[in-house]
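Numbered according to full-length UniProt numbering, the first sequence spans residues 1 to 155.
These aren't lab readings, by the way, just hints derived from the structure by calculation. In this text the structure is predicted, and so the values were computed from the model without any measurement. You may find that some hints are simply not true.
To be verified - The list that follows gives simulated cross-link-like pairs (lysine-lysine, BS3-like), each with its CA atoms no further than 30 Å apart:
id : residue 1 : residue 2
1  : K110      : K7
2  : K89       : K7
3  : K89       : K20
4  : K151      : K125
5  : K107      : K89
6  : K125      : K20
7  : K151      : K107
Unchecked claim - Label-pair distances were calculated between CB atoms; the ranges are:
id : residue 1 : residue 2 : range
8  : E9        : K89       : 20 to 30 Å
9  : Y34       : D11       : 24 to 34 Å
10 : Q103      : D80       : 21 to 31 Å
11 : G154      : R21       : 20 to 30 Å
All C-beta atoms in this analysis are idealised placements derived from N, C-alpha and C, irrespective of residue type, glycine included.
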Amino acid sequence: MAYWLMKSEPDCFSIDDLAKRPNQISGWDGVRNYQVRNMFRDEMRIGDRAFFYHSSCAEPGVVGVMRIVSNAYPDPTQFDPKADHYDPKSTRENPRWLQVDVQFERKLDKPVTLATLRAHEAQLKGMLVLARGSRLSVTPVRPEHWDYVLKLAGE
DNA sequence: GCCAACGTTGGC
DNA sequence: GCCAACGTTGGC
1 MAYWLMKSEP DCFSIDDLAK RPNQISGWDG VRNYQVRNMF RDEMRIGDRA FFYHSSCAEP
61 GVVGVMRIVS NAYPDPTQFD PKADHYDPKS TRENPRWLQV DVQFERKLDK PVTLATLRAH
121 EAQLKGMLVL ARGSRLSVTP VRPEHWDYVL KLAGE
């Protein structure tokens with residue numbers, strides 16, 4: 001089983017939004033980055049765990065844990081002219097963008113803010129979300145980093 | 001709102 | 001294939 005970190009702007013889709021979905025499952029749609037698409041397709045597997053990370057907000061950081069519950073499949077929003085992430089160059093015969101389904105597992109008792117992560121940079125050396133200029137919305141997390149972040153959350 | 005960093009596009 | 005222009009991300 002692999003570990004991941006997945007960013008979302010809480011104004012757009014927060015961990016509480018995920019927890020309120022039927023069965024607490026949602027498609028992780030809207031990804032329009034080839035590296036992330038390839039990770040969905042080639043590396044992510046059902047049963048993997050992911051941190052839910054709130055970005056572009058007052059307190060960016062890790063706020064909860066979720067589970068990957070589907071394989072990669074075409075993101076339907078790419079075909080919808082009214083959707084924010086509509087891609088006119090993508091077709092149903094040859095879809096360009098993929099998504100996976102995620103299921104809410106739990107919120108952290110104590111969210112781990114970006115500032116806290118940075119304060120522990122020595123122990124989290126190599127964690128991609130801390131890398132300078134890192135903009136990927138989905139990144140792999142090493143098991144030792146996963147455990148350490150949970151420790152920072154008081155677990 | 002600013003701006004650094006980075007990805008994508010498209011002319012050549 | 002190069003690279004300038006442009007768009008996006010995301011912390012601050």
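Outcome of the hint check:
1. K110 / K7: holds, 18 Å
2. K89 / K7: holds, 25 Å
3. K89 / K20: violated, 33 Å
4. K151 / K125: Holds, at roughly 16 Å.
5. K107 / K89: violated, 38 Å
6. K125 / K20: violated, 34 Å
7. K151 / K107: holds, 14 Å
8. E9 / K89: 20 to 30 Å: At roughly 25 Å between Cβ atoms, K89 and E9 fall inside 20 to 30 Å, so the hint holds.
9. Y34 / D11: 24 to 34 Å: holds, 25 Å
10. Q103 / D80: 21 to 31 Å: holds, 24 Å
11. G154 / R21: 20 to 30 Å: holds, 26 Å
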